[in-house]
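Novice: Chain by chain, the residues run as shown.
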Amino acid sequence: MGVAAAIALPVGIGLGHFGRGGLLAINIANVGRAVPSFGLIILMFLLVGVGFVPVLVALVALAVPPMVTNSYVGMRAVDPAVRQAAEAIGMTGWQRLMQVELPIALPLVMAGVRTSAIQVVSTATLAAYVGLGGLGRYLIDGLAQHQLTQVVGGAIVVALLALLVECVLAGLQRLITPKGLAT
Amino acid sequence: MRWSWIARHSDTISAALVQHIQLTVLALVIGFAIAFPLALAAIRWPRLHGVSLAATGVLFTVPSLALFILLIPLTGLSLATSLIGLTIYTLLILFRNIVTGLNGVPPDVSEAARALGYSRRWQLLTVELPIALPVIVAGIRIAAVTTIGLVTVTALIGQGGLGQLFITGFTLHFTTPLVVGFVLSVVLAVAVDLLLVGLLWLLTPWQRRRA
Numbered sequence: 274m275g276v277a278a279a280i281a282l283p284v285g286i287g288l289g290h291f292g293r294g295g296l297l298a299i300n301i302a303n304v305g306r307a308v309p310s311f312g313l314i315i316l317m318f319l320l321v322g323v324g325f326v327p328v329l330v331a332l333v334a335l336a337v338p339p340m341v342t343n344s345y346v347g348m349r350a351v352d353p354a355v356r357q358a359a360e361a362i363g364m365t366g367w368q369r370l371m372q373v374e375l376p377i378a379l380p381l382v383m384a385g386v387r388t389s390a391i392q393v394v395s396t397a398t399l400a401a402y403v404g405l406g407g408l409g410r411y412l413i414d415g416l417a418q419h420q421l422t423q424v425v426g427g428a429i430v431v432a433l434l435a436l437l438v439e440c441v442l443a444g445l446q447r448l449i450t451p452k453g454l455a456t
Numbered sequence: 081m082r083w084s085w086i087a088r089h090s091d092t093i094s095a096a097l098v099q100h101i102q103l104t105v106l107a108l109v110i111g112f113a114i115a116f117p118l119a120l121a122a123i124r125w126p127r128l129h130g131v132s133l134a135a136t137g138v139l140f141t142v143p144s145l146a147l148f149i150l151l152i153p154l155t156g157l158s159l160a161t162s163l164i165g166l167t168i169y170t171l172l173i174l175f176r177n178i179v180t181g182l183n184g185v186p187p188d189v190s191e192a193a194r195a196l197g198y199s200r201r202w203q204l205l206t207v208e209l210p211i212a213l214p215v216i217v218a219g220i221r222i223a224a225v226t227t228i229g230l231v232t233v234t235a236l237i238g239q240g241g242l243g244q245l246f247i248t249g250f251t252l253h254f255t256t257p258l259v260v261g262f263v264l265s266v267v268l269a270v271a272v273d274l275l276l277v278g279l280l281w282l283l284t285p286w287q288r289r290r291a
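Which chain is which? The protein sequence lines are U and S, in order.
So in my numbering the end of the first sequence lands on 456, straight run, no missing numbers.
So in my numbering the end of the second sequence lands on 291, straight run, no missing numbers.
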């Protein structure tokens, strides 16, 4: 998740700031949604082998598109009048980005981060299928052994974890949204 | 890639593809049939809106594999389990977009329709729905593409359409079926997406003039 954010957010924010490559950003997201995460994990496993790396690659590949699109859209949605006002009072490009555009775009950027995070938690459980640990173990092993208790227990924990992640990120979003924008 | 494998297993592949399409279409149709009345109700009673949004949102957050598994005690390792799970995932996307679309109808348009003596139902069908159509179709597109990806996960509970090819590839340590399933799944998603874009284009002739 961290790796993906480190790649995706600068790309999306940069594209939005300079107003280029919009079509690219949107298309990446559409293709990204079409890629079946389950297949990607197994494919990576067959190509690279057991281990952390194939799963990490698959997760990053899944997490990047929503964040790129949302941060791009968020940056583009900044009112041009606000942008011009910032320019008129003599802000440099960097100041404008950090102090004006980014705070305004934050809610949408965070929405992208949340979408990605949910997907990553969800897909990480599938990683157990190719032999990696994590909570998915209980689900996959339980299914294989027809242990309904284990499976359902694992599923409940995974579901709770996803909800927890969502709540934490939603709280974070509320914290860092500028007061003037709060609805 | 071994092309001979594809030729020899074309029956399995096409059966998987057909099941994939069936599951996707059924999930979308059922999802829409639930989301649409829910959205209408949510528009009439705003309090219901927050509740429905939260409920579908929570269901949407639950990881797919966990959701399918939680349904097993109720419906077993059956087609129903995978179908119910997939339908649940379409709900949030469809519900949100239908509400946004219908709420986006300019109030003066609705008022004009009422002033012309349109009944509520007629107004919805002939005025509001067409205006909301682009947003609703956008929701169906996202739901369709997401569902096509999710169907593969149900292979783990014995369904899964093209996902079965993933499992075959994994158990045999053989990339060909995996790549076939992967490519077909992405192609299917793109094809359905384009189909829906085309459908919207056909259904909204007034939008074309503007563009």
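By construction, these hints were calculated from the structure, which means they are not laboratory data.
We put the CB at the ideal spot given by N, CA and C, even for glycine.
One thing to keep in mind: the hints can contain errors.
If you want a taste of the chain S side facing chain U, the calculated C-beta under 7 Å gives, among others [claimed, not checked]:
(1) 81
(2) 84
(3) 114
(4) 117
(5) 142
(6) 150
(7) 183
(8) 262
Partial pick of chain S residues on the chain U-facing surface, computed with a CB cut under 7 Å [to be verified]:
(9) 139
(10) 252
(11) 256
Novice: Now, for every hint given, state plainly whether the structure supports it.
Specialist: Okay, the hints, checked on the actual structure:
1. 81: violated, 12 Å
2. 84: violated, 19 Å
3. 114: violated, 21 Å
4. 117: violated, 27 Å
5. 142: holds, 4 Å
6. 150: At about 5 Å, which falls below the 7 Å cut-off, the nearest Cβ of chain U leaves the hint on residue 150 of chain S intact, so it holds.
7. 183: violated, 15 Å
8. 262: holds, 4 Å
9. 139: Since the shortest Cβ distance to chain U is 10 Å, the answer is violated.
10. 252: violated, 10 Å
11. 256: violated, 10 Å
In summary, the structure is inconsistent with hints 1, 2, 3, 4, 7, 9, 10 and 11 from the numbered list given earlier, while agreeing with the others.
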